[in-house]
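The listed protein sequences correspond, in order, to chains B and Y. Just so we're aligned: 42 in my numbering is position 42 of the first sequence, and the numbers increase by one with no gaps anywhere. Just so we're aligned: 1467 in my numbering is position 467 of the second sequence, and the numbers increase by one with no gaps anywhere.
Possibly wrong hints are sitting among the right ones.
As the list claims (entries may be wrong) - If we take Cβ atoms under 8 Å as the criterion, some of the chain B residues that face chain Y in the derived model are: (1) Ser-69; (2) Lys-95; (3) Val-117; (4) Thr-121; (5) Glu-125; (6) Gly-233; (7) Gly-234; (8) Pro-235; (9) Phe-254.
To be verified - Label-pair distances were calculated between CB atoms; the ranges are: (10) B:Pro-203 x Y:Gly-1302: 48 to 56 Å; (11) B:Ile-269 x Y:Val-1104: 57 to 65 Å; (12) B:Phe-15 x Y:Val-1104: 19 to 27 Å; (13) Y:Gly-1469 x B:Trp-161: 39 to 47 Å; (14) B:Ile-269 x Y:Glu-1378: 36 to 44 Å; (15) Y:Pro-1325 x B:Ile-150: 34 to 42 Å.
To be verified - From the derived model, a few chain Y residues whose C-beta atoms are all more than 12 Å from chain B: (16) Lys-1052; (17) Gln-1107; (18) Asn-1124; (19) Pro-1289; (20) Glu-1354; (21) Val-1431; (22) Asp-1432; (23) Val-1449; (24) Gly-1451; (25) Gln-1470; (26) Glu-1479.
Source of the hints: derived by calculation from the structure; they are not laboratory data. Note that the coordinates shown come from a computational prediction; the quantities given were computed from them, not determined experimentally. Built from N, CA and C at the ideal position, the CB exists for glycine as well.
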Amino acid sequence: MNFKHKYVFLFPGLFVLIGILIFPIIFTIRLSLSGWNSYTPEMNFIGITNYLRLFTDDPRFWESFFRLSFLSVTTVILQYIIGFALALIVWREIKFKRFFRVIFLIPMMTTPVIMTVIWRTFFHESLGPVNDLLGNLGVKPILWLSDPVIAKFTVIIVEVWQWTPFMFLLLLAGLLSLPKEPFLAAAIDGASPFRKFVYVTFPLMAPISIGAIIIRLIEASKIMDTVFVLTSGGPGTATETSSFYIYIKGLREFQMGYAATLSFTYLVIMIISLTIIAKVLTKLMIKE
Amino acid sequence: MKTIKTCATALISALLVFSPVAYADKWSDQFPHIKATGDIPGECSYESMSKKNYKGKTLKINTHAVPVMGEPTALHAEQFAKLTGAKVDVTHTPAGDLYAKAMVPFQAGQAPYDIVFGFSNFINDWKRYLEPVPKKYVEMKQMQDVTPSHIGIASWDGVMYQFPVDGDRHYLKYRKDVIDNPKYQKKYKADTGKELRVPQTWKEYGEMAAYFNGWDWDGDGEKEYGSAEVMKKDDLMYAAFYSRSAAYSKNPKTPGGFFFDLKTMKPLINNPGFVEALTDWVAATKYVPPGGINFGLGDEIGSFGGGQTLFSFSWDDAFVAAMQPDSPINNKVGAAQLPGAMKVWNRTTNSWDEGFNQAPFFVWGWAVGVAKKSKEKEMAFDYLCFFANEANHQADIGIGRFGVNPFRNDDFKADVWTQIGWDKDIAQSYVDTLAQMEESKNRVFPLRVPGTFEFNAALATAAAKALAGQLSPQAALDEAAKQWEDILNRVGKDNVRAAYSVGVAMEDNKL
């Protein structure tokens, strides 16, 4: 048998990989070196002009990037804390355990865009039920979507509501797979529930936690639909994120070349920063 | 007996001529949409279309989401299919994606759609991919009735690329039951020392809106507010800003550009006229309903049309919606030209010219064209001609959610509107408002240059920052002007100047 024949079986997978991953990246890089837009619809070569523009004359992209960092880190931390707490609750033997497990997962099963439309209706400042309820309690209307600071927290609320179940699911699966022996040993030693959590549960869960946090950070860093539907990046640019900004440049203003520059730069930044975050988390959470 | 027969015949004939039932014909029986008029003879009438045979052919249309423009497109597609035997596929697309959805295949040399709907200010970017409207349609009777302004908007350098199906302009809408109410006129005078009247200037508009903000002035148990405006950044807000700016910045003594100085191509959007308008607009955030800073066009229509505010200004839709029989403010609204200003910036003398100035804004509106690469051009133009035939047009303009607004001389007759239940004085004020705008010699037309989207988006972002309190009006507009300079450099000043000169010629009454 000719040993080289085994490579034939790799070709289908390789073709798919090239088609859906390698080619788009190469095409994006090439596009980023062009001035393709609505009035110059061609793959001309303009060198690094777009990159110079991005690094010297586009503070809006960097503002949106730092805003995105704030939103994604905040939402993922909150999702982790709440998701872990919920997972711990249903991990224990409680009544209606199965019922709660299903209930906690419902937000994740809903369609994000549709749910965001519903949230937008809830938070509508003059017609929505939230301010109406608060008004009945004597609280003045809150500018959920019109105040630059509050609007950020409204986005966080919606994101946390939508994606905490995902964190809950991963962490619950992790808890259910933990070995029983360390817990038995802690019980024999008379450890309190708090010490059991700090010295047994949390360290054992560290690898799973890191995985869950990284997965959610990757997803959160692409936040687009919530911002698009809820605030359109406003008021002003108060909730504009990188992906929303890239969408505006590419598909609203049709600056395809420049949008490709933004996309590729964003991809590189995300790969570097997520790698660093993963290493830092590993160092902090996993003790040798 | 003969006398009785003659009398009966005369009576029936009279009924047929003068009563609404008289319009019933074989076409309105089949197509109830035109029951008010029946078919109206013409080159693209129901009768004419029924003689066409497009069996076995498919027409593909990309249009806006339902209802605005999407609903009439689908309705007329269904009618067209029944009449001609054609198969018509209609795709509905959100407003923000209409441009890209057509532009991507255009640039790739494909024609997935025979007909593409968009906005009239796309014309500069789209014209090279669109088939000019054939002479036989340009010269037909129904086209002869289109106003010169709207012929100009649908054309480029004398060539018509977009088939007129809609006419748009911004004007003021107000609650007639408040402004014309003697009780409130007296109260307003007593409290402010000023007359309560249809606001003549933006300052008056602001004062009245602030006065009538946050209390129940129509006795429905709910709070009402001063004004509903399109303030949401990515939802056409730049058009609202241009409307507010026109009176302060469109000076009839300084022809040669509203957005740019045509000679130098220096952006004018940060001059004191525009800054004054943006300062007014920032103040307006205090008299819009809670959350009004996030109002898009749909919210504005719903807010004013639902009776929540005293004023509004934008496209016709809110007014027509307010005048529909099921509206809570049916026949309680009035129309007037956009407010003016008591001063206008003179960029030649670099100072304010004192005195009243008013400038109507012929904002862009719905537009539609046939793809140059389409293989069904004849059928596509027949469809568009059918869409806009007299019977369909008269039925469409009376339905607020359709987004089809007046663009024909016949639309400016009050009778058209009283027939659908409008009070005579309201109908008259409406058509007078539209006619005055047509007759004005100090008009502003939308920016239609290469990169229009970039210019408008930069302006909208800057204005949104000012409304949100992130920047002062002057700083925001300076930022926008700087971005406009950058865009000019990328696109090429000469390219933009060449395109902009067409719009300037229209504004300067040279076309």
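Hints versus structure:
no. : hint                               : verdict
1   : Ser-69                             : 19 Å, violated
2   : Lys-95                             : 42 Å, violated
3   : Val-117                            : 12 Å, violated
4   : Thr-121                            : 11 Å, violated
5   : Glu-125                            : 3 Å, holds
6   : Gly-233                            : 7 Å, holds
7   : Gly-234                            : 5 Å, holds
8   : Pro-235                            : 4 Å, holds
9   : Phe-254                            : 6 Å, holds
10  : B:Pro-203 x Y:Gly-1302: 48 to 56 Å : 55 Å, holds
11  : B:Ile-269 x Y:Val-1104: 57 to 65 Å : 27 Å, violated
12  : B:Phe-15 x Y:Val-1104: 19 to 27 Å  : 25 Å, holds
13  : Y:Gly-1469 x B:Trp-161: 39 to 47 Å : 28 Å, violated
14  : B:Ile-269 x Y:Glu-1378: 36 to 44 Å : 52 Å, violated
15  : Y:Pro-1325 x B:Ile-150: 34 to 42 Å : 40 Å, holds
16  : Lys-1052                           : 35 Å, holds
17  : Gln-1107                           : 4 Å, violated
18  : Asn-1124                           : 8 Å, violated
19  : Pro-1289                           : 4 Å, violated
20  : Glu-1354                           : 34 Å, holds
21  : Val-1431                           : 33 Å, holds
22  : Asp-1432                           : 33 Å, holds
23  : Val-1449                           : 9 Å, violated
24  : Gly-1451                           : 6 Å, violated
25  : Gln-1470                           : 4 Å, violated
26  : Glu-1479                           : 10 Å, violated
The structure fails hints 1, 2, 3, 4, 11, 13, 14, 17, 18, 19, 23, 24, 25, 26 (numbered hints given earlier, in ascending order).
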